[in-house]
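All residue numbers for the sequence shown refer to numbering that gives the first Met the number 0, where the first residue is 0 and numbers rise by one.
What the hints contain is simulated information worked out from the structure, not anything from laboratory work. Just so you know, not all the hints are guaranteed correct.
Listed below are the simulated DSS-like cross-link pairs for lysine-lysine, each with C-alpha atoms no more than 30 Å apart in a straight line [what the hints assert, rightly or not]: (1) K113 to K81; (2) K56 to K175; (3) K113 to K100; (4) K81 to K100; (5) K55 to K113; (6) K157 to K81.
Estimated spans, in silico, between C-beta atoms of each pair [said to hold, decoys possible]: (7) V106 to D195: 17 to 25 Å; (8) Q103 to T183: 40 to 48 Å; (9) R142 to M83: 36 to 44 Å; (10) P130 to T150: 16 to 24 Å.
Only a predicted model underlies this, so the values are computations on that prediction, with no experimental measurement involved. Don't be surprised by glycine CBs; every beta carbon is placed ideally from N, CA and C.
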Amino acid sequence: MSRRKKKGEPELLIVSFCDIVTVTTAAMFFAMLITVQEAVKIPVFRPTPRAIPTDKKPVFFECRSGQVFYVDKDGLDTQVAKLMSTLNTGGRSGDIAQFSKIIQGQVVSNAYYKVDPKYLLVGVMALEGLPEVHGDNIQEIQRRNSNFGETLAQIDEKDRYLVFLVRDDSFDVFRKAREIADRTGYDTGWELLGADEPIKFGQGTTINIQ
Numbered sequence: 000m001s002r003r004k005k006k007g008e009p010e011l012l013i014v015s016f017c018d019i020v021t022v023t024t025a026a027m028f029f030a031m032l033i034t035v036q037e038a039v040k041i042p043v044f045r046p047t048p049r050a051i052p053t054d055k056k057p058v059f060f061e062c063r064s065g066q067v068f069y070v071d072k073d074g075l076d077t078q079v080a081k082l083m084s085t086l087n088t089g090g091r092s093g094d095i096a097q098f099s100k101i102i103q104g105q106v107v108s109n110a111y112y113k114v115d116p117k118y119l120l121v122g123v124m125a126l127e128g129l130p131e132v133h134g135d136n137i138q139e140i141q142r143r144n145s146n147f148g149e150t151l152a153q154i155d156e157k158d159r160y161l162v163f164l165v166r167d168d169s170f171d172v173f174r175k176a177r178e179i180a181d182r183t184g185y186d187t188g189w190e191l192l193g194a195d196e197p198i199k200f201g202q203g204t205t206i207n208i209q
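Given these sequences and hints, build the entire structure.
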């Protein structure tokens, strides 16, 4: 038997209650949606360009401590080849201990780098930056008479492309150097190096153009 409503007893408004629940739920949903969107928001980066195969030979620059240094790998390769030829001629074949002792006393270097001789035993040329030597900073590389500018002027863009070996502390100077290279007509590529990671070149070392 249904309960008979007494006179003066307030009516229960089911429709209004449902409206309140619906509005409250919708408000909470939109608030949660906005919160999630803000929480997962990330910067949009320009995607890395696709690598392009090439027959050109690389010319290397290091970006370190906010400066650009010309590696001159070709010149160091020539010095290392001459050294190894001399040692192979003068030393006894297969005498690794004697060969190691001799090579440790040799110095192969240029204006910015010296070769760590112990890596030569395994066919790797590892470079160490010379102390108290300065490259071109972000203001200097924009001058035509800078070391960077004069080096570019001697590189044939038809046969060579530029490779930037970039440290974490030098992305600003790298971007400016690459901008100058692009404007001048050079193909470019780059590789990221750790803060204390030496520059190493082995047999078949390749860098993709980007």
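These are the hints, each one checked on the structure:
Proximity of K113 to K81 is assessed by CA-CA distance (about 15 Å); at most 30 Å being required, the pair is judged to hold. A threshold of 30 Å between alpha carbons decides the hint, and for K56 with K175 the separation of about 22 Å falls inside it, so the pair holds. A C-alpha spacing of about 18 Å is found between K113 and K100, which places the hinted pair at or below 30 Å, so the restraint holds. The suggested pairing of K81 with K100 holds, with an alpha-carbon distance near 18 Å, which does not exceed 30 Å.
Between K55 and K113 the alpha-carbon distance is near 26 Å, which keeps this suggested pair within the 30 Å criterion. Proposed proximity of K157 and K81 is supported: the alpha carbons are some 28 Å apart, at most 30 Å. For V106 paired with D195, a C-beta distance near 22 Å keeps the hint of 17 to 25 Å intact. At roughly 41 Å, the beta carbons of Q103 and T183 sit within the given window of 40 to 48 Å.
A beta carbon spacing of about 38 Å between R142 and M83 agrees with the range 36 to 44 Å that was offered as a hint. Separation of P130 from T150 is about 22 Å and conforms to the stated range, judged on CB atoms against 16 to 24 Å.
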